[in-house]
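One-letter residues, chain by chain:
Number of protein chains: 4
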Amino acid sequence: MLNVVIIGASGYAGAELALLVHKHPELNLKGLYVSAGSQDANKPFSALHPQCLGLVDLPVKPLDDAGMQEAKTGTDLICLATAHEVSMNLAPQFLTAGIPVFDLSGAFRVQQDGFYDKYYGFTHDQPEWLSKAVYGLAEWNAEQIKQTDLVAVAGCYPTASLLALKPLMAAGLIKADTTPIINAVSGVSGAGRKAAIGTSFCEVSLNPYGVFNHRHQPEISYHLGGKVVFQPHLGNFVRGILATIYVQLADGVTEEQVNAAYQQAYSNSPIVRLSKQWPSIRGVAGTPFCDLHWQMQDGLLIVGSAIDNLLKGASSQALQCINLRFGFEPTLGLM
Amino acid sequence: MLNVVIIGASGYAGAELALLVHKHPELNLKGLYVSAGSQDANKPFSALHPQCLGLVDLPVKPLDDAGMQEAKTGTDLICLATAHEVSMNLAPQFLTAGIPVFDLSGAFRVQQDGFYDKYYGFTHDQPEWLSKAVYGLAEWNAEQIKQTDLVAVAGCYPTASLLALKPLMAAGLIKADTTPIINAVSGVSGAGRKAAIGTSFCEVSLNPYGVFNHRHQPEISYHLGGKVVFQPHLGNFVRGILATIYVQLADGVTEEQVNAAYQQAYSNSPIVRLSKQWPSIRGVAGTPFCDLHWQMQDGLLIVGSAIDNLLKGASSQALQCINLRFGFEPTLGLM
Amino acid sequence: MLNVVIIGASGYAGAELALLVHKHPELNLKGLYVSAGSQDANKPFSALHPQCLGLVDLPVKPLDDAGMQEAKTGTDLICLATAHEVSMNLAPQFLTAGIPVFDLSGAFRVQQDGFYDKYYGFTHDQPEWLSKAVYGLAEWNAEQIKQTDLVAVAGCYPTASLLALKPLMAAGLIKADTTPIINAVSGVSGAGRKAAIGTSFCEVSLNPYGVFNHRHQPEISYHLGGKVVFQPHLGNFVRGILATIYVQLADGVTEEQVNAAYQQAYSNSPIVRLSKQWPSIRGVAGTPFCDLHWQMQDGLLIVGSAIDNLLKGASSQALQCINLRFGFEPTLGLM
Amino acid sequence: MLNVVIIGASGYAGAELALLVHKHPELNLKGLYVSAGSQDANKPFSALHPQCLGLVDLPVKPLDDAGMQEAKTGTDLICLATAHEVSMNLAPQFLTAGIPVFDLSGAFRVQQDGFYDKYYGFTHDQPEWLSKAVYGLAEWNAEQIKQTDLVAVAGCYPTASLLALKPLMAAGLIKADTTPIINAVSGVSGAGRKAAIGTSFCEVSLNPYGVFNHRHQPEISYHLGGKVVFQPHLGNFVRGILATIYVQLADGVTEEQVNAAYQQAYSNSPIVRLSKQWPSIRGVAGTPFCDLHWQMQDGLLIVGSAIDNLLKGASSQALQCINLRFGFEPTLGLM
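Residue numbers (full-length UniProt numbering), protein chains in the order written: chain A, 1 to 335; chain B, 1 to 335; chain C, 1 to 335; chain D, 1 to 335.
Do not take every clue at face value.
With the C-beta cut set under 7 Å, the calculated list includes, among others, these residues of chain D facing chain A [what the hints assert, rightly or not]:
#1 Gln51
#2 Gly54
#3 Gly121
#4 Gly226
#5 Pro270
#6 Arg273
#7 Leu274
#8 Thr287
Straight-line Cα separation of at most 27 Å, DSS-like style, residue types lysine-lysine; simulated pairs [what the hints assert, rightly or not]:
#9 D:Lys30 - D:Lys146
#10 C:Lys166 - C:Lys43
#11 D:Lys194 - B:Lys227
#12 D:Lys146 - A:Lys43
#13 A:Lys276 - D:Lys227
#14 C:Lys166 - C:Lys30
#15 D:Lys276 - A:Lys194
#16 B:Lys276 - C:Lys146
#17 B:Lys175 - D:Lys118
#18 B:Lys175 - B:Lys132
Keep in mind that the hints were calculated from the coordinates and are not lab data. Backbone N, C-alpha and C define an ideal beta-carbon position, used for all residues, glycine too.
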């Protein structure tokens, strides 16, 4: 049994991760923490996440000096479900203590000059760790994940997008000089657990946001190795992402080639389901899966990709990475 | 045409009221204001309420000294959709200037010693105006509303509850020494337009709150003239209230007597619909109506009462009161 | 006052239309009908649409021989909110009796050989009337609507799509040999009022459907005069459509040109709101408006277009057409 | 490993049960069946329940003669998630073959003369088996469940109601000659998986139904051993039940007595959570728990009780009964 500490347990992804660790046969949930100043510190976990009562009854401790010391002691791995800058600062403190870190934030995902300044509004001051981080897209980077101590778990939109696009890119099926268009809709939990007028019950409906400037667009491009148009929307549901993706195929590409590309990529990956129906939020919410389906006509391929943003888009993907890193069965604790 | 000013236009009830005034053939919407310090001051109205674009395009002005002066000048009536204490302080300033006030807050609804200290957390410092205020339950207090300059528009839960219970009380059909039980569910807009974790999209589902201490319980009791048990719930919808009410009938009361009580109360009140089906949120949301239906067995009467909390529970009832006060047709601008 | 008959009043669009006619100062709602065999025949209207109780209390009559006779007598205009084939068969019966018809179905929208066989599954047997029909997209075909007796009110998705695309097409701003992509999400009421597992509460979430074969794709292309990719989705809300549209602009097109194109098209059309924010379902549901907003980068224009599918996508657009045809103010009864 | 067959796998409770059996370490899901004439026969399970793809990939077979033979062969226990009459007819066929039956329908729940005629509309023709059935309310009937071959798993509303009321009844805390009032709201999945206008997405909101005649009222009374008023409502959510229960306490009953009654009943029952907050649908949806919380004033006790209707109200309670009957840990496969 490995001892796991989760920092940032007050959020939705942190809560899901706590439940997953609780249920995992090889992991022991050792402690839950939030930032020292958080108003959620010292509350019972179930006061924040009532569904967890009786399952995860640990207190949510503040990550002050004593908390930090405690979090490092006897801990086999750390999960950070914290804000980007907080992760950037915390990760090295655990890494230098020899504790592997699985970071659910965006702090270590993109190794590109100026990226954090432009898209996150801060200068990355841990460039060495950034350069060592492995992007935690489990189905594509398994070998590197096995050998790293710092996994930057892939973002929610990027996971849905990249799982759909990378097989096509790998097989060379995307038409040169064309740009795939990703139209994605996320549930409200993607905005995190917080009081904000924009995510209040009465204000949410369905609308585009982040037009031409969402930070997940360069994350997708960077890990795809090619340009994309990415347009996110907020939808009126709690959890899930549906991406509808439009791809111009190279001349002469056949349906068989497309099918083969997806088969080759995922025939051994039970988490990615090549479904016979179009994906839906209902089909993936509460599950660790990514559902893919596609159809083509006149050289245009439309791909539907759906995930639960809190699971495959965050915590269950983190668990996949933990399984890989520590040599467990790839889907242990997930199915 | 009467000039109307709305203060507290940033909230949901204020927005509905602005639309109603805009559509009313005898009213002119002269100005919209919010408290001087509000972050919504100086925004276009439609930036807060996008559905109003092209209908109500007034700016939302701050109620600073200049705003106050402007709000009083050439104004025939004032609507306050402000916080309780704000209303308590503002109303007299307009009343002493001779401008009738229609207050949607709870500041002038209950003329009972200690009520505001106990249930609202402040001492009422306008006892004279409080004693002059008329409770704006349009179907029951029409004559007094016609003759007052200060209407305390009835609360949302009290409106749904009192419209169901007052006919029974008036006809003496409630069993002595029994207490009606009101189980009510409100949409989230009842909590107002604000950022709060409890009303964020991801947290709302269906749950009781305010057990044994909601301020609408004494408001209902006071205006009914009898004890009630009142248990509110928050539901996962934006607007509407459904109250399911359990009443022990006096011995021997017949169905005909119950029907007659409701007919007598509302046969000339088109806003209260004595429906042949059980009411639903769907049937009243977006309408000015209160839907009532009932059934009895073994001396127990169950009454269903549904309203739109923002309309009959706030703004359209305010408009009913305005119609009464200024001698317009009772439902002008509502049907 | 013109006498209006609505056939197909059991559906959601028919109900909205009945309310609009009821409120319109120059129209009198004379009768409501459904197909003779419908199980909704002879029910009170409010048994189907509880929100209408007290507003529209007409019975829903069966369109049998007597009903047909009655529907034709003393009627100034007919609205058909019926199934496509039903409309195809009914419209001529009223037209030959000299009664103008406003058809909300797809029966008379596209004058293209083989269209109905391919996309609607029946052969159009009224080719002459089809050739005379005017497409009821009010902002674009006002002059022809004024002079026709058969208006084929535009479809819901086509309305949202065409209002966004036609200004660009008219101004020649779309890059040659590129195809705009329309990613659209509709509320469930778009599927009509019926019992079906696919639209049951427990099954609806968010998913693509009709991939490469939705009948609104050719309707859009035909009335735009250019190819489009159109991908509809079912969303978990009752009413509204949001279309997010991706357009490659011709080389050198500036933001000013795009803005000018929209201004020129809609500066005198209050129903189309050129908003400063991105449209949302919340902003248009329950309103007759189409909200448009756009942004461009590197030659790609993204346009958001939102309507209420039952209003601007059906009944309020029908009313716009009625206003035009009978010489009323263009937005009479709508604002 | 015990071989489990589920009949009625096309419904929502059947699907949840299939997932639970799939995850249970001591159970093997051997087969899934539906009635021979069902349109869902021969479909892949995930075509009906997309979330199950990759987890439960069995075909859904018709229960024709061959299916019946197959279902009996090598099967250790049968779960019936079928319609009431179907269960009544099927259960004896498996019981006489020596196979224990866990029936999720209402067919064997109430052993009272005339009950089925009055409330289910059919005459029970298996009175002997009915008399042998044990009511599957796991926390209260564990000893009998261990020794029976026919478990009538408790209904959804009765589970939420009885878990709240039985401790009070057992401790003699309910005032004589008073009747507890149960105001309950259920998610739409309680109506089953079917096409019906009443459960279509556009029609569902929140409304009372089954006033004074719901079949769960006598089921609750029978197993409580006392009268109740039970008023169900349909709510606009997929899964979950919230019951708000009003109980007149016997004179002099103290809060300590009430607390003690609940502690005594459930201190060893981890599935019933005595929460410190009021229960919510959000806190129990997707979990096997029943959440209870209460407060009293002036002799009135208000109890909130929430469950997931498909889990504790159906399939996870069935699994609790299976665990009890076959000697597994009481919560094996549930936590």
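27 Å Cα cutoff - pair C:Lys166, C:Lys30: violated, 36 Å
Restraint check for C:Lys166 with C:Lys43, where alpha carbons must lie at most 27 Å apart: violated, 42 Å
Let's test the interface hint: is any C-beta of chain A closer than 7 Å to that of D:Arg273? Check passed: Cβ of D:Arg273 comes within 5 Å of chain A, closer than 7 Å.
Against chain A, is D:Thr287 within 7 Å by beta-carbon distance? With Cβ-Cβ at 6 Å, under 7 Å, it holds.
Verify the interface restraint on D:Pro270: the C-beta must sit less than 7 Å from at least one C-beta of chain A. holds, 6 Å
Does B:Lys276 pair with C:Lys146 here, judged by a C-alpha cut-off of 27 Å? violated, 43 Å
Please check whether D:Gly121 passes as an interface residue: C-beta within 7 Å of a C-beta belonging to chain A. It is violated, given that the least Cβ distance between D:Gly121 and chain A is near 33 Å, above 7 Å.
Restraint check for D:Lys276 with A:Lys194, where alpha carbons must lie at most 27 Å apart: Given pair D:Lys276, A:Lys194 holds - Cα atoms ~22 Å apart, limit 27 Å.
Just to be careful: measuring from the Cβ of D:Gln51 to every Cβ in chain A, is the smallest value less than 7 Å? holds, 5 Å
Going by Cβ atoms only, is D:Gly226 closer than 7 Å to chain A? Since the shortest Cβ distance to chain A is 29 Å, the answer is violated.
Run the distance test for D:Lys30 versus D:Lys146: straight-line Cα separation, threshold 27 Å. With Cα atoms ~23 Å apart, D:Lys30 and D:Lys146 stay inside 27 Å; holds.
Mind checking the CB of D:Gly54 against every CB in chain A and telling me if the closest is under 7 Å? holds, 5 Å
The structure fails to meet hints 3, 4, 7, 10, 11, 12, 13, 14, 16, 17, 18 from the earlier list, while all remaining hints are met.
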